[in-house]
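Just so you know, the sequences run in chain order U and L.
Last residue of the first sequence: 1167 (the working numbering), numbering continuous.
Last residue of the second sequence: 332 (the working numbering), numbering continuous.
Please note that a few of the clues may not be correct.
Stated by the list, open to error - Derived CB-CB ranges, DEER-like:
1) G943(U) x R167(L): 37 to 43 Å
2) L330(L) x M860(U): 34 to 40 Å
3) K94(L) x R1073(U): 47 to 53 Å
As the list claims (entries may be wrong) - Only some residues are given here: those of chain L computed to face chain U with a beta carbon under 7 Å:
4) I53
5) T67
6) L97
7) A106
Honestly, the hints are just simulated from the structure, not real lab data.
Backbone N, C-alpha and C fix where the C-beta goes; we use that ideal spot for every residue, glycine too.
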Amino acid sequence: MSYATVLDRHPDLSAAMARRATACCLNFGPDCRDEWLVREWRRQFEHAAQSLSTGFSGLPEPLDFFYTVNTAPQFPAGVIRDEPVIVFQFDTGLPAIAYGDDVSPTFAHELTTFILGAATIFKSLHDAGFVLRQLPLNSVVWNRAARRYSFREGLGIAPIGHSNFHPRIGFPMIMPQWSAPECFDAEAEITPASDVYALGKTVLALLGHNIPRTAVLPNVHDAVEGLERRFGNHVPDRIRRLLLLALHPDPHQRTRDMDQVVGMLFDGDAPVTPPTPPLFPQASHIATKTRPRAPQKPLRRGPSAGPRGAKGGGHDRKGPHGGA
Amino acid sequence: MQGTFREEHDQVIDRDVRVFSHDGREFRYPAVLGGRYEPVGIMAIGGFGILLHALHRRIFDRHVLIKAALVGTHELARPRNAALPEALQEARRRMEHERKMLLHGRLRHVGAIPTLIDWFDDVNPTVRGPHVDPDGQPFTNDDPSLWRDSRYLVLGHIDGVQLDVHCRSDRFRRAWLAETKVLGMYLAATLQPFHMAKAFGNAAIHFVYQDLKPANIIVTRVSGHYHLIDFGSFAVVGPGGPQLADAHTEGYAAPERGRISLADSCHPRIDVYSLGVVLSQAIQWGSGADSAPVDAPIDSLPVPPEWKTFLGRCREPAPDVRLQSMDQVLTCLGRLRA
């Protein structure tokens, strides 16, 4: 995706009153030679823009949507026209910046306010049947007058409960760095838990953790434990526990939705509801191109695995007492 | 959204027109406004404007609000009324002023105000009619200059309720003192950038809201965020003195508005007074009272003593003793426990 700050050239507007806006369009890179892919991505972009146009508090307000000519020289002739562009209101406010090592006495309060503000926006989306899938740290802004957080971008929006193979849901709108692993799994389902994972990553980034460019966040325990070494008691236990549960790679073992996030924020000892059973087959109401997953071969370890050294045994066939 | 509509074709304008009924009055608007907006209902009617709920046909039928100028019934009650052109001119001037104030809000980086998406001129079939004169005879205003170029503002959709309704809800009453503090912080932080004198063109100007009252504050249903509306109430204060300093509502206006001229009393502290009254009412509604008189004694409010001191300094009748700016209000509010 490409974002640009643009000026409104409305004929009624004098130069002094010209207002800024943010224009957004697809960024194809070397993939623009594939005509089918270009059409497919554009359709996904349109669906995301349509979902965002529903209007959500805390997400950017679309001002205009139009098609233009893409002048990239390597574009195939059939797709030069009809490049969709959406224009948002320029969101004023201070961008959220990762904390350094020195924290203020109100650090814990600020952190709680951040999580609560983001959770409120996510909750309104979830209630309307959408998930955002990603929350880059630089897209979060604090509006002083409104005393609330808002998000500068929202084109990762997608309907809840669909498989990632749904033609309306695209990958180009999201970045693995800020999204949950299931957003890149064709057989998985996108749920509010995906946003919980995205929020967890953003909070870690806010706390200065270097987020890798992969969907799965490795060494979550180390990262969360590292917060204690870095910030001491300034990061409350309940937030550390929340991060551990929010960043579980399995969505069924993760904090389920924003209600639970807010519950844990104010009462860290509140029991988290047991994990919901996996919904299988995933997104059965739509046609997918996948086959049912083949049953996994059980690992032959333990008492039922048979004697060591037998055919098909484990990798330790030649243990300290076996073999030649 | 209130009311339903019927659609008919206006031969003179040569457009399909939707007729909306609201409180016994009929309002007519083109079925497609400005070539891209489709009005579907009436959201609210104020003193000078009407808010239409519409669909933006170019952006996936998204919901928007369209503000149209409202002309009084008495101006439309007689054929060839000489007062009508003047009233229409005044209505257009107010719409222009509101548009500029919304743009100034964006220029001054004020958040949580309605988003001005677009503005355009189009026909206004409500002005054309048909109307009925006092003798029961139907008539229409056939002069095209009256209804041809009416100004419309397109605003972002806000699904919310007025402040008084919100303050009576369980959501507000669960933590009414903390919510009142949030409301006060929002109003003060929103009005403070408008009160600051800033260079614009060749002069430094600032703005005074003048008409702060619960009816001009909308609270969104889902997120519970506050939004100040009706930006036509702002007075513009420049080197030549205040302009448009005539908007105020009895009970919420500072006492000096009645004693000295409206222009002379146009100072940011009149907004501080109105803020004090609004917060006092929010406290009354939040603490369980069904009615909230604007002149309720501060000592009767069920709040800690430091809150009473703060509200007393906001509602001080003597303008020089009152808190002078929203900066001072923010400082005082920040120290209050809730």
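Taking the hints in turn, this is what the structure says about them:
| no. | hint | in the structure |
| --- | --- | --- |
| 1 | G943(U) x R167(L): 37 to 43 Å | 41 Å, holds |
| 2 | L330(L) x M860(U): 34 to 40 Å | 38 Å, holds |
| 3 | K94(L) x R1073(U): 47 to 53 Å | 49 Å, holds |
| 4 | I53 | 5 Å, holds |
| 5 | T67 | 30 Å, violated |
| 6 | L97 | 5 Å, holds |
| 7 | A106 | 3 Å, holds |
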